[in-house]
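**Q** If you want the building blocks of each chain, they are given just below.
Protein chains: 2
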Amino acid sequence: MSVEAKKDHIEEIKTLLERLDHDSLRQLVAEMHASDIGKVLSELEDEEAVELFKLLTPEAASEVLLEIDERLRKTLIAAITPDKLIAVVDEMETDDAADVISELPIEDAKQVLNGIGKEDSLAVQKLLVYPEDTAGGKMQAELVSVSEEATVEETIEAVRRRSKDIEQIANVFVVDAFNRLTGVVSLDKLILAGPDVKIKTIAAEPIKVRTDVDQEEVAKLFRQYDLVAMPVVDYDGRLVGRITVDDVVDVIEEEIFEDFYRVAGLNLEERALDPATRSIWMRAPWLLINLATAFLAASVVKVFEGTIEKLVILAVLMPIVAGMGGNAATQTITVVVRGLALGELSLKNARWVLFKEATVGLANGFLTGLVATLVSYLLGANIMVGVLLFLAMTANLFIAGLSGAFIPIVLKWFKVDPAISATVFVTTCTDIGGFFSFLGLATVFMRMGLL
Amino acid sequence: MSVEAKKDHIEEIKTLLERLDHDSLRQLVAEMHASDIGKVLSELEDEEAVELFKLLTPEAASEVLLEIDERLRKTLIAAITPDKLIAVVDEMETDDAADVISELPIEDAKQVLNGIGKEDSLAVQKLLVYPEDTAGGKMQAELVSVSEEATVEETIEAVRRRSKDIEQIANVFVVDAFNRLTGVVSLDKLILAGPDVKIKTIAAEPIKVRTDVDQEEVAKLFRQYDLVAMPVVDYDGRLVGRITVDDVVDVIEEEIFEDFYRVAGLNLEERALDPATRSIWMRAPWLLINLATAFLAASVVKVFEGTIEKLVILAVLMPIVAGMGGNAATQTITVVVRGLALGELSLKNARWVLFKEATVGLANGFLTGLVATLVSYLLGANIMVGVLLFLAMTANLFIAGLSGAFIPIVLKWFKVDPAISATVFVTTCTDIGGFFSFLGLATVFMRMGLL
Chain A
1 MSVEAKKDHI
11 EEIKTLLERL
21 DHDSLRQLVA
31 EMHASDIGKV
41 LSELEDEEAV
51 ELFKLLTPEA
61 ASEVLLEIDE
71 RLRKTLIAAI
81 TPDKLIAVVD
91 EMETDDAADV
101 ISELPIEDAK
111 QVLNGIGKED
121 SLAVQKLLVY
131 PEDTAGGKMQ
141 AELVSVSEEA
151 TVEETIEAVR
161 RRSKDIEQIA
171 NVFVVDAFNR
181 LTGVVSLDKL
191 ILAGPDVKIK
201 TIAAEPIKVR
211 TDVDQEEVAK
221 LFRQYDLVAM
231 PVVDYDGRLV
241 GRITVDDVVD
251 VIEEEIFEDF
261 YRVAGLNLEE
271 RALDPATRSI
281 WMRAPWLLIN
291 LATAFLAASV
301 VKVFEGTIEK
311 LVILAVLMPI
321 VAGMGGNAAT
331 QTITVVVRGL
341 ALGELSLKNA
351 RWVLFKEATV
361 GLANGFLTGL
371 VATLVSYLLG
381 ANIMVGVLLF
391 LAMTANLFIA
401 GLSGAFIPIV
411 LKWFKVDPAI
421 SATVFVTTCT
431 DIGGFFSFLG
441 LATVFMRMGL
451 L
Chain B
1 MSVEAKKDHI
11 EEIKTLLERL
21 DHDSLRQLVA
31 EMHASDIGKV
41 LSELEDEEAV
51 ELFKLLTPEA
61 ASEVLLEIDE
71 RLRKTLIAAI
81 TPDKLIAVVD
91 EMETDDAADV
101 ISELPIEDAK
111 QVLNGIGKED
121 SLAVQKLLVY
131 PEDTAGGKMQ
141 AELVSVSEEA
151 TVEETIEAVR
161 RRSKDIEQIA
171 NVFVVDAFNR
181 LTGVVSLDKL
191 ILAGPDVKIK
201 TIAAEPIKVR
211 TDVDQEEVAK
221 LFRQYDLVAM
231 PVVDYDGRLV
241 GRITVDDVVD
251 VIEEEIFEDF
261 YRVAGLNLEE
271 RALDPATRSI
281 WMRAPWLLIN
291 LATAFLAASV
301 VKVFEGTIEK
311 LVILAVLMPI
321 VAGMGGNAAT
331 QTITVVVRGL
341 ALGELSLKNA
351 RWVLFKEATV
361 GLANGFLTGL
371 VATLVSYLLG
381 ANIMVGVLLF
391 LAMTANLFIA
401 GLSGAFIPIV
411 LKWFKVDPAI
421 SATVFVTTCT
431 DIGGFFSFLG
441 LATVFMRMGL
451 L
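Residue numbers (the working numbering), protein chains in the order written: chain A, 1 to 451; chain B, 1 to 451.
Since the hints were made in silico from the structure, they are not lab data.
The list treats identical chains as interchangeable, and a pair is accepted whether it falls inside one copy or across any two copies.
Simulated crosslink set (DSS-like; lysine-lysine; CA at most 27 Å straight-line): (1) Lys74 / Lys84; (2) Lys74 / Lys348; (3) Lys164 / Lys200; (4) Lys54 / Lys74.
Please work from the sequences and hints to get the whole structure.
**A** Written out as structure tokens, the structure reads:
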């Protein structure tokens, strides 16, 4: 299927839906990839989407449900009969089935678990036990394992037996008599070995994780060892599942976005398409904390009310000092958060980074301070006010670099609640730093008779 | 190898380096995974790292070089002889060889290209032609392809021949007499088919890309179709290379970080461990643009100098209004950027999102405005100043929601230069919006005799 040819499907499907031409629709979607059908469903009105979804075979429906967002998935699931839903879930891999079932109302979930095959039902129920963000929560029960005593021929036979149910087999796991994982054999090694060779002689040491390992750690191992699939073991080292790379890609994305959500003071659960009421309540707490810190910064300004009264131009220029600090801090925070996420920043070089960011802040404070002084002078401001601007901006961008690097690193080290926002603390530093340095110096200048 | 057991290597290696016990070191690193050796090298002092690196076999060295950052890679490469470098590059896959060679000074690059095998050299030179961020720049020449007329047995023989040079074969590509790609067969399908079956009867339609497709698009296809490896074709549809999922994982990360770098006004090339001078020059241009917009906002305050002179408390409270707008805008920008990156936001729902974010801004402006009024009243401010605060915050958070959603969406649509910072524009809106609404309303209140 070529990438270019897919674009017109949506129009064609809309026309066929209007004409109620179900036969042509069935034929058309039978030729489409699940992810393309998912895209079309997301672009249709809900009623149209339901109509189209009902025409899918259980197999196609099972794949399509994994390609759409949670809201649409719930809408479509609610629109089909319990029997159809059971047939659809029956077609899924166990990890996907567990994800879908965990979104169902409890009664529906029970009905589906009773309806699907007993073996699958047990496997899914086992998966439902693990927290979603651990290796156990990400793994699937589908895998090929053989005993250490098996030959290559027997192993190929095992692959053959399971190949209908399992996508991307990638490798075969070797276990001892107690089902403890002892080795791994990739399919290309399997193809190349003679049929009578004992599997354990060609097995490699597996890179594995325990069920309770955090998904972020799992993702790191996949990256580090360029894995396609990784076995998951329980506390006794017994093989209980495997994680495939496509699930890990989602985890990697999720983790990066979480970092920036934290920075911006957002609830990790919020999504762009959430209803407004949900977003309002999720964002309000952090805005109220921001408000408290804003009053704190304002109280600094209040101290210097007398100074401002004498020279109102200070009120005009002070937001420049505070604002530039905020901008420089945002740059630093973003670079540091990225470095922490990629593992470039560690205990070893944290002090160096602090020093570097403080230096960058100082240098750019000096530079932008000079420019600001020049501009304010050209706009007709008192030369001493320009000097003030220069000194305060240099000081505040230094504070921005220091706090912008220090606060995310400290938050990361102490593994503080992920909902903590670095920006709140850092902008409090740059607001207070900006107002205090600018207005404080102005007061000193006045006392010295310079202003 | 278990994850826990690796931690002590660094201490052991340092001790052995001090003792100059090269034999034990060779033995120790021979048992370690390349990515673990890379980690150790990154944590050693440069001199120690060079000493250890020189002890590695060319094969181990070739893998280790891909696991470390560019600075260390250059240091280590500079420390070994040209012959050793040639031996090391010779062990690499073509895409990695091309990446390493492209980092060398031109004379060294020529020497290495002449030194490695002729066939490899040609393959690498072909890869060097493609821009780094396209499918051509990400692909490797290593792949297994067979003619449409081949049998399964012949195909397995082809896999066997190439299996020493190629990691993660994953699938075999089927080509016609003109080397045009016509199909793909995964290894598990290959294992399951009888030896005399014609390969074209079990081949599937390939999901492929042309060499000039952007890496972001490539990553989308991998995600969409859960691929492990994807063939790359030239303008005539001829098979020229393949991209593996481990390279795509890096692309996905890179693309997300780029989005947030753009938001923060950072150069996409900057890294956390760059020297300070580099960071200073890279960040300065955006800070100067910020400075210009800050003066713009200040000029709004300047207009109301007379109003502030009459009531200095306005200068104390106005940063609260502007700052809260900035905070709310950051929340909106982050949610919208994520939605755009994940493809949740499209032309279809952009208007809805604009409306939603404006509503969220209005509601949270109302809420935080009420709280701010109450707090300012309790702190002894004039009741009418409190009303002013309430009205201005409601207006400014509405502006924040609207501009925070509108500007990233518009930038994305117009595919503006990736170095464009959404934050600059949005905070300009919230600064000006905050000052103008607060001070403008104050002036009106004064004229009406309310203040």
